[in-house]
Amino acid sequence: MEEGSLYPALQRMLKEGWLEAETGTSAKGRPTRIYRLTDAGIRHLEKEVISVKKMFAGISRVLAVAKV
Amino acid sequence: MRWLAEFFSRRRRYQDISISIQEHLEERTEELMADGLSRKQAEQKARREFGNVTLLEERSREVWQWPAIESILADLKFAFRRLGKSPGFAATVLLTLAVGIGANTTVFSVINGVLLKPLPYPNSEELVALWLNAPGAGGLANFSSGLQLSPSMYFTFSEQNRSFQSMGIWTPSTASVTGVAEPELVRTEMISDGVLQTLDVPPAVGRWLAEADQDPHGAKTVVLGYGYWQRRFGGDRSVIGRVIQVDAQSREIVGVMPRGFRLVDREVDLLVPLALDRTNQKLAPFGYYGVARLKAGMQLAQADADIARLIPVWMDSWSNGPGTNPHVYERWRITPAFRSLKQLVIGNIEGVLWVVMATVGLVMLIVCTNVANLLLVRAESRHQELSIRAALGAGRMRIARELLIESVLLGILGGVIAIGVAFAGLRLLEAIGPANLPRLSEISLDARSLGFTLALSVLSGLAFGSLSALRYARTQASATMGSATRTASVGRARQRSRNVLVTAQVSMALVLLVSAVLMIRTFSALRSVDPGFADPQHVQTMHIWIPDLLIPDPQTVTHIQNDIVDKLAAIPGVTAVGFAGAAPMENNDPNWDEIHVEGKVYEGGEPPLRLFNFVSPAYFHAMGTRVVAGRDFTWGDIYELRPKVIVSENFARESWGSASAAIGKRLRQFSSMPWQEVIGVVEDVRVHGVDEKAPAIVYWPAMINDPYTAKPTIDAPRFVTFAIHSNRAGTESFLKQVQQAVWSVNANLPIASVNTMQEIYSQSLARTSFTLVMLAIAGTMALALSLIGIYGVISYAVSQRTREIGIRLALGAQKGELRWLFVRSALVLTGVGVVIGLGAAAALVRLMKTLLFGISPLDPLTFLAVPLILATAAALASYLPARRAAGVDPVEALRAE
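Chains X and G are the protein sequences, given in the same order. Note that the working numbering has the first sequence beginning at 1, numbered continuously upward. Note that the working numbering has the second sequence beginning at 1001, numbered continuously upward.
Misleading hints may appear alongside valid ones.
Quick list of in silico lysine-lysine cross-link-like pairs, BS3-like style, CA-CA up to 25 Å [to be verified]:
hint: 1; chain 1: G; residue 1: K1644; chain 2: G; residue 2: K1736
hint: 2; chain 1: G; residue 1: K1282; chain 2: G; residue 2: K1220
hint: 3; chain 1: X; residue 1: K28; chain 2: G; residue 2: K1665
hint: 4; chain 1: G; residue 1: K1077; chain 2: G; residue 2: K1045
hint: 5; chain 1: G; residue 1: K1117; chain 2: G; residue 2: K1295
hint: 6; chain 1: G; residue 1: K1045; chain 2: X; residue 2: K28
These stretches of chain X come out as covered by chain G in the derived footprint (C-beta under 8 Å, 3 or more residues) [claimed, not checked]:
hint: 7; region: 6-20
hint: 8; region: 43-56
These are computed hints drawn from the structure, not numbers from a lab. Just so it is clear, CB atoms sit at the ideal spot from N, CA and C, and this is done for glycine as well.
Generate the whole structure from the sequences, applying the supplied hints.
In structure tokens form, the structure reads like this:
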């Protein structure tokens, strides 16, 4: 995967309101943008994490059955 | 509104994106440099790992955009920029389109206002004109109004029908109003009960005429029209209850109708109750228009059947007096042929309007082909650019879309200018349109017309753009880029579509020119018809009406009319004065009835109906109608009630073989009437317009014994048209003197409908001259456009083939031959167009058969002359670029590029 494909993804998350951007300076002292999760972003992350966990649980159940 | 905020914060977002990416790349570069790579290598590696920077940046931005719309907007911006860069092209195309779309919008507005919009009455689709056909009634039942109703019919029909909610009859009239300001003749409608109830337009002030107002012995009332109320009473609401003198009768104003109210198609000043007396009605007279409102769900055919059932009932219920046979009307074969009120209002203008619409539609097609041609040339010059774009991966749709966006943009811009053109066009139409164009006041540029303009703009944009879009979207990079420069001439394929367009243009122009020339020939045929009067620009006409209440005695009426004639004759410059019941082409027939010629036996026992007129001495002289045999009336004939009569030449020929043979012969109306001696024969007069055959006319003296009363009673027409022959006719000073002369006889007599015969004559030709003007304009535009088309195609061919021409010249070609080469190709295109056009014209002109007069739709002269004119013009248009081709310097031509 190209590193650059991060940026369109960042923009989509910004548009959804899961991130907020602010002006900052990088470790080397150059101007940059710092992205931070918003409350909505955290909630969404939790939701995503739960659904990923559920999916994993499902998969492992299927795999467990397959093993037996 | 979030999207709006997003829209405005975009610039900041874009900046954020590029800063983030920049920082990302630099940080990575530094990391790589720390690993020991050189700066250049590190930058390259960082970029490789990152991916396509521009593309990713664009994708990131697109998150904040509406991609489809924005790329269309970008195309639009591009199209605007390209138009701005070639103002000559843009101006040509936009002007052509504006004129084409504008003309179409104008004519559509007229069609919309006249034919499509419902009449301005509530539920107007229920309104029915009571039209009766009566093929056996001769001129009494005519083309413009059928057989009109009689009051007794109204009583029978309205009381016994099963199909109508309400019904009424009316007759237009003029009344003189005194006691308000100067005596004035105003447009009056005499209406029965039921007319206003049927039309159902509530009054603006006061009330309608009610049943009580129709009592012939009751209180006398009147309702005012809005315009008259504003004009004479300044819109004063307290006029209700005021009394005015209408034809010397005091009438109380009870109501005012609202603005825009018309009785069918007539503006109304006064609505006066007919006040029919039921007790003394007969079967005749047939002089009333009828209108009715259908019951819900009733069809016209059912109403026809309903009234057809009542016609025998009507004949049994009434009579024309003792000793007459009421079933005589069975020979008239009266049948109801009711039609929607709208159809009555529109009348015979519908055909003309559709012909005009078809004409301007054709012009629009020619405009589109011309623009399509221009766009093809333009796309040609972009060929390189489009090929490169295709080579870089632009899809067909993308290129087609761009070309279409440009053409639709042109269409819409043209449409915007066209709205201005249409505004001007409607003003022009009001000025030159037929004066009797119905519903003229309802014509406007409303939402529907504007919608039409928009649709036409977009559609025509798509139409003329699709050709180049189809052609160039297929562009294949290799083929076109290869042949772009060094080959000698352009491939045939590219020239072919332009040739087809030009051929189409020529054939459409031919159709329009043929129709225009046919109208010109019709007009000149009409102009060469002898109308039966002469020197019309020097004949002044006017109406004078002497109401019974003002002068009750008919003999006094004739004396007053005689005095007016004498006073008018004394005005300097007047050579002859007379009056008649009706002047020619006024759409007013004084009467029609049966005439028995002495010694003649008629088929079925009853003679045909003849048109009557009542004339004074010298009327024929003033009107310029020749006395063919015998003599004119004298005042002695009139005052002594001598049984003398004058007839028209065709009547004399039909009855006695020749004009001179008629003198001394006798005729009469009823067996109870003494025989009347024919003392003169006058030439035929085309009283219903030059395109209608002259009817046989019997001219009675201006004072006679009323044939319709049991005992001999003297009668004289009270509503007459004066004809004054003078070379000062129509001038203001002359009209002042005329007015003074009339008022010196009786100061209470208003003068109305002051026109010269020339004006009346032109008005009767208005329909033809209007069609002529419209077709002539369209034909000229079509000719000009197709010549431009031919010129464009040939001169483009010349410019494309310059190298070839150079080679030919270098090899020894003669200049004359070269010129002929190009002129010939133009003539071939024209020839093909002419052949197709002749076929189309032969088929299409049949549609305008009813508009033609005196020539066949396939008039050989027209069908020969127009192709010749077109071919000559095409040769000229192609000669100019051909001469340029012959002037090419071979050295220059070969050195170019």
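Taking the hints in turn, this is what the structure says about them:
1. At roughly 36 Å between alpha-carbon atoms, K1644 (chain G) and K1736 (chain G) are farther apart than 25 Å, so this suggested pair is violated.
2. At most 25 Å may separate the alpha-carbon atoms for a hinted pair to count; K1282 (chain G) and K1220 (chain G) meet this at roughly 24 Å.
3. The straight-line distance between the Cα atoms of K28 (chain X) and K1665 (chain G) is roughly 130 Å, outside the 25 Å bound, and the hint therefore fails.
4. Proposed proximity of K1077 (chain G) and K1045 (chain G) is contradicted: the alpha carbons are some 38 Å apart, above 25 Å.
5. With a CA separation close to 22 Å, the supplied pair K1117 (chain G) and K1295 (chain G) stays within the 25 Å bound.
6. With a CA separation close to 20 Å, the supplied pair K1045 (chain G) and K28 (chain X) stays within the 25 Å bound.
7. Counting residues of the region 6-20 of chain X whose beta-carbon sits less than 8 Å from any beta-carbon of chain G gives 7, enough to reach three: the coverage restraint holds.
8. Check result for the region 43-56 of chain X against chain G: violated, 0 residues qualifying (beta carbon to beta carbon below 8 Å, three or more required).
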